[in-house]
Structure formats: C-alpha cells, structure tokens
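With chain L's structure known, arrange chain W on it following the hints.
Protein chains in written order, with this note's numbering: chain L, 1 to 111; chain W, 1 to 116.
These aren't lab readings, by the way, just hints derived from the structure by calculation.
Even glycine gets a Cβ: it sits at the ideal position worked out from N, Cα and C.
One thing to keep in mind: the hints can contain errors.
Quick list of the computed label-pair ranges, beta carbon to beta carbon [to be verified]:
{"hint": "1", "chain 1": "L", "residue 1": "VAL13", "chain 2": "W", "residue 2": "HIS73", "range": "42 to 48 angstroms"}
{"hint": "2", "chain 1": "W", "residue 1": "LYS52", "chain 2": "L", "residue 2": "PRO111", "range": "48 to 54 angstroms"}
{"hint": "3", "chain 1": "W", "residue 1": "GLY84", "chain 2": "L", "residue 2": "PRO7", "range": "25 to 31 angstroms"}
{"hint": "4", "chain 1": "W", "residue 1": "VAL12", "chain 2": "L", "residue 2": "SER8", "range": "24 to 30 angstroms"}
Each chain, letter by letter, is given below.
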Amino acid sequence: GQSLEQPSEVTAVEGAIVQINCTYQTSGFYGLSWYQQHDGGAPTFLSYNALDGLEETGRFSSFLSRSDSYGYLLLQELQMKDSASYFCAVRDRSSASKIIFGSGTRLSIRP
Amino acid sequence: DTAVSQTPKYLVTQMGNDKSIKCEQNLGHDTMYWYKQDSKKFLKIMFSYNNKELIINETVPNRFSPKSPDKAHLNLHINSLELGDSAVYFCASSQDGQGARRNTIYFGEGSWLTVV
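This is chain W alone, in the form it adopts within the complex:
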C-alpha cells in the first residue's frame, strides 16, 4: 500500500504553461507538506498544511498555489511555469504528537518537473 502518493511522476512542459501535481496520503496524518529539491539536492520546504489549514508558506512565488480539499490531500498548482521551476517536488506528511512520531516525515516518490 502506498503511504504518500503523488502524480504525475514525470512532467515535461513548456515555459508559460500551468500544471498541477496531486498528492494523497493514506496514513491518517494531520500535516502535509510540499518540498522542492533542486539539482544540488537541497530540500527546501514550500508549504505545510495541518488539517486543511495553511501553516507554513515560505517565500514562494505567487505562481505556486497549494490546495488542500481535505487532510488526506494536498495538491500543488503552478502557473506560468519558468525554467527555474525545474526540480523534483516532494509531497510529504507527518503525524501530530510528540517525539519521533511527530518528527518522522513520510515522503512521496517525487514529481520530476522539467520546464523547457
């Protein structure tokens, strides 16, 4: 059973297009995230939602808009794609609570976005 699943896995698109990445988790977690990993493998948090509410919105261009219809889903829509948006986007989730449980993030397999 896939814990955190995201689609599509690969996406090649032209500059200026709009695209979406969908994410679902079946772990019953309360918090979901979007991370961006660039070519140097640096993992940077973009957004975090807790029970459908936006908790973290890092310095991300307005072209990126997350949407959480329920606590099991967190989608990412990107408008007017630019070359610099090419990266791997990871959806992730974690459980509320204390200790290891709260600090364990479960990642999806990643969505490889290439903007040409």
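Chain L on its own, in the form it takes in the complex:
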C-alpha cells in the first residue's frame, strides 16, 4: 500500500523560510506532488518532482530524494497569504489513476 507522512502543523514568521517535510512508502513510485489549500478553497497544484533534486518556482521550491523516500516543500520570504494547508501526494503504482494525498500540514504565519 501507499502512505505519506507530514507534520500536522508548522508555524513560521513572516519573511522567514520554512520547510515542510514528507516521507512516503510506496510499492512503486512515479513522483511526488505538492498542493496548497487555503481555508474554504480548493487544493491547487504547486509542484511535481519525478527525479532527485530541487525544483524551484519563484519563492517555492520542492526537493525529492527517492533513495530516502523523502521530499520537502521550501517556502521562502514567507507572506501572510502563504498561510494554508500543504499536501504532498503520490500516484499509486498499483492503480495508476489513484493519486493519494498526505494528511496535510497546516502552515500558520505570524507577523
């Protein structure tokens, strides 16, 4: 089966850098995705890593280490609007259409 673990809550200060970790267990692996969800809103896609290394998109970066079954989302120059829940997700290799989400990390940003 597949499982993903991420911290339930993270708190950071505006302007700082925060890292949200995700470890996964899979019977096969296609890649790791990250989604952002604001309260009352829909999850929106942030990034996808299929290969090891760091992918940068503006203030957000995502890292993957397949050998460690580990990835993280790095948010820089935090803004109040970054307060949201962040989910990592993997595609289930046994059922290629099934994308499984972690339980989500609630990021709270203090002024």
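Same frame as chain L, but now just chain W:
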C-alpha cells in the same frame, strides 16, 4: 473561465434524503475524480473515471453512485444520506500522459455537504 466546476457549492439536507452533486470540466482531460475531505482535512479518493469508464472505486458505501455521461462530466449521487456523510466533496480532473501533466490534478471549488 472555470476549469472544473461543481454544483451546488453548499448543500444542507436531512438524514435519509437523496442528493446529487454535478461536475463538469472544460479542460479536455481524460480522467475525473471525486475526493472527500473530512473535518480533519484528510483528502480521500472515492472514485476515478477515465473516458467515462470507472477506474477506481474505493471502499465507498453503495449509497454513493457516480455517473459519467461523457468524459467532461462526472456526477455524484448519494442515497439515504447519513450524518457521517457531512464533508466537502471535491471533483477533480487530470490529463493522461507522463510526468507533471499526468500528476497535476485540477480541483473544483468543492461542495460543502451538511447532513442534519
């Protein structure tokens, strides 16, 4: 332009009633999904359709019945609603293919279902 749209956005209904949620995507995607998000924000897949064919049917009560009249539409009908069905239901879609394209899911705005 709304990519994935679902209606209604809010639904309050009594136990035992039957209700439907409609979903449409204008992205030309081949795969559509229904996800359920509970009060703890856990996102759990319920169903997945690829070109109108049922691909995934997780352990969901028979009271939940999806219907896909064409690949742009995936509706969810729920019979005999129970208190535990209260949740946010998200419709979503993704494109077939490889890499990021296949692993990017586009979500609708969600349907907030409250069973009283």
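Hints, verified against the model:
no., hint, verdict
1, L/VAL13 / W/HIS73: 42 to 48 angstroms, "45 angstroms, holds"
2, W/LYS52 / L/PRO111: 48 to 54 angstroms, "50 angstroms, holds"
3, W/GLY84 / L/PRO7: 25 to 31 angstroms, "27 angstroms, holds"
4, W/VAL12 / L/SER8: 24 to 30 angstroms, "29 angstroms, holds"
The structure fails none of the hints (numbered hints given earlier).
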